[in-house]
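Each chain, written out:
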Amino acid sequence: MCPLVPATRGERILFLDPMTDATAEGHARDVPARGSDYFALLKPRVMSLVVFTALTGLICSGAHVHPLLGAVAVLSIAVGAGASGALNMWYDADIDRLMRRTRARPVPAGRVQSADALGMGVVLSLLSVMLMGVALNWLAAGLLAFTILFYAVVYTAWLKRSTPQNIVIGGAAGALPPVIGWAAASGQAPLNAWLLFLIIFLWTPPHSWALALYTTTDYAKAGVPMMPVARGAASTRRQILLYSLLFVPAAVAPAFTGLGGPVYLAVSALGGAMFLLLAARLYLSRSGDISDAREDGLYGVKADARPARNLFAFSILYLCLLFAALLGERLSGIAPLKALIGLNG
Amino acid sequence: MSHPAHESEEARKARQRRNWLLAGALLAFVVLVFVVTLVRLKGNVLTHP
Numbered sequence: 001m002c003p004l005v006p007a008t009r010g011e012r013i014l015f016l017d018p019m020t021d022a023t024a025e026g027h028a029r030d031v032p033a034r035g036s037d038y039f040a041l042l043k044p045r046v047m048s049l050v051v052f053t054a055l056t057g058l059i060c061s062g063a064h065v066h067p068l069l070g071a072v073a074v075l076s077i078a079v080g081a082g083a084s085g086a087l088n089m090w091y092d093a094d095i096d097r098l099m100r101r102t103r104a105r106p107v108p109a110g111r112v113q114s115a116d117a118l119g120m121g122v123v124l125s126l127l128s129v130m131l132m133g134v135a136l137n138w139l140a141a142g143l144l145a146f147t148i149l150f151y152a153v154v155y156t157a158w159l160k161r162s163t164p165q166n167i168v169i170g171g172a173a174g175a176l177p178p179v180i181g182w183a184a185a186s187g188q189a190p191l192n193a194w195l196l197f198l199i200i201f202l203w204t205p206p207h208s209w210a211l212a213l214y215t216t217t218d219y220a221k222a223g224v225p226m227m228p229v230a231r232g233a234a235s236t237r238r239q240i241l242l243y244s245l246l247f248v249p250a251a252v253a254p255a256f257t258g259l260g261g262p263v264y265l266a267v268s269a270l271g272g273a274m275f276l277l278l279a280a281r282l283y284l285s286r287s288g289d290i291s292d293a294r295e296d297g298l299y300g301v302k303a304d305a306r307p308a309r310n311l312f313a314f315s316i317l318y319l320c321l322l323f324a325a326l327l328g329e330r331l332s333g334i335a336p337l338k339a340l341i342g343l344n345g
Numbered sequence: 001m002s003h004p005a006h007e008s009e010e011a012r013k014a015r016q017r018r019n020w021l022l023a024g025a026l027l028a029f030v031v032l033v034f035v036v037t038l039v040r041l042k043g044n045v046l047t048h049p
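Protein sequence lines correspond, in order, to chains A and B.
With this note's numbering as the guide, the letters of the first sequence map in order to residues 1 to 345.
With this note's numbering as the guide, the letters of the second sequence map in order to residues 1 to 49.
There's no promise every hint is true.
As the list claims (entries may be wrong) - Beta-carbon label-pair distances, calculated as ranges:
id: 1; chain 1: A; residue 1: Arg161; chain 2: B; residue 2: Val39; range: 39 to 47 Å
id: 2; chain 1: A; residue 1: Ser332; chain 2: B; residue 2: Arg40; range: 28 to 36 Å
id: 3; chain 1: A; residue 1: Ala269; chain 2: B; residue 2: Leu38; range: 41 to 49 Å
id: 4; chain 1: A; residue 1: Leu245; chain 2: B; residue 2: Arg40; range: 43 to 51 Å
id: 5; chain 1: A; residue 1: Ala313; chain 2: B; residue 2: Ala28; range: 34 to 42 Å
id: 6; chain 1: A; residue 1: His64; chain 2: B; residue 2: Phe34; range: 17 to 25 Å
id: 7; chain 1: A; residue 1: Ser48; chain 2: B; residue 2: Leu26; range: 23 to 31 Å
id: 8; chain 1: B; residue 1: Phe29; chain 2: A; residue 2: Leu245; range: 44 to 52 Å
Said to hold, decoys possible - Within a straight-line C-alpha distance of at most 25 Å, the following computed SDA-like cross-link-like pairs (lysine to any residue) qualify:
id: 9; chain 1: A; residue 1: Lys338; chain 2: A; residue 2: Gly62
id: 10; chain 1: A; residue 1: Lys43; chain 2: A; residue 2: Ala145
id: 11; chain 1: A; residue 1: Lys43; chain 2: B; residue 2: Leu26
id: 12; chain 1: B; residue 1: Lys42; chain 2: A; residue 2: Leu68
id: 13; chain 1: B; residue 1: Lys13; chain 2: A; residue 2: Asp116
Please keep in mind that the hints were generated in silico from the structure rather than gathered at the bench.
All residues carry an ideal CB built from backbone N, CA and C; glycine is no exception.
All chains should be modelled from the sequences, with the hints used to inform the complete structure.
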């Protein structure tokens with residue numbers, strides 16, 4: 001029998017067996033779920049980044065949209081993202097139970113039943129897509145439906161457990177919200193919207209693999225073929241550097257396509273240089289060579305894994321800064337660089 | 001799901017809270033669709049010749 005693992009929920013502690021469904025649910029079945037447990041199914045931290053990037057796409061489109069309809073668009077995208085999170089937690093409960101980072105989630109901890117998570121995910125998916133279609137337009141609704149299906153079916157149910165390229169291809173789902181926001185406001189999805197998609201798409205591998213380098217044991221235990229598990233740490237560090245070399249130019253590009261202004265250029269160039277420096281340091285380091293480098297939470301790691309932890313933490317900051325710069329420029333009326341230097345378009 | 005007849009007092013209260021929350025969410029959705037319809041109708045009427 002495996003040792004029982006304490007899973008905290010507020011002031012209470014439930015003792016769960018992480019290896020078996022029955023025991024875990026059996027221990028916790030009589031403990032009623034709270035509203036916060038259902039809210040946690042929506043992955044609120046992921047949702048906040050989705051809302052932020054979608055809002056940036058919506059504002060950057062430059063299209064006039066009624067404030068209420070704009071708010072409904074962002075709400076639909078947030079609920080759609082939350083729905084796909086719930087579907088992910090429903091499907092992945094078996095492997096979530098095996099990983100330290102995820103075993104306290106509501107379904108593996110037994111606080112919310114699988115069927116409830118599935119029902120919530122399906123209902124919220126349908127409502128969010130319908131609301132987007134009725135309130136804004138069906139291009140945005142179609143993109144939202146595609147995103148939810150792609151994340152829940154293509155990434156979660158297929159790629160995640162079958163290929164080390166899981167987060168590369170699956171990253172498309174996380175990259176679509178700014179395009180959906182743009183389409184919701186304007187009814188179109190032009191190249192600049194897809195440039196925002198490309199930025200997040202190319203950001204995802206270095207970001208996710210940097211984290212995976214110091215959580216290898218968890219992924220290996222759960223049988224998830226993340227890159228460090230399937231190909232080893234050295235190969236992962238090399239691929240992180242390669243993707244970073246693709247990502248940084250893409251991040252600077254909006255300054256030259258009529259999307260970003262001088263502030264964006266400064267933020268993207270300086271932050272990009274820092275990103276490349278951290279990726280190069282990681283490449284030259286031994287991060288991931290030790291099988292379990294985590295000490296406490298997401299950011300507490302042993303010395304060897306610090307380059308990976310540093311890139312992971314900075315990647316979040318850099319992406320936020322990029323989108324904040326775009327959003328700030330649009331809201332404060334700073335013209336795009338292309339207009340300032342008098343180029344057409 | 002355990003049968004309501006066998007559930008504890010705490011579980012019964014939690015179920016009731018959940019039901020009220022669901023009812024509130026559904027009502028909010030209906031109101032939102034109604035308001036969105038008004039806004040879209042108004043926009044279409046104003047742009048109609």
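Checklist entry - Can you give the numbers of the hints that this structure goes against, from lowest to highest? => result none
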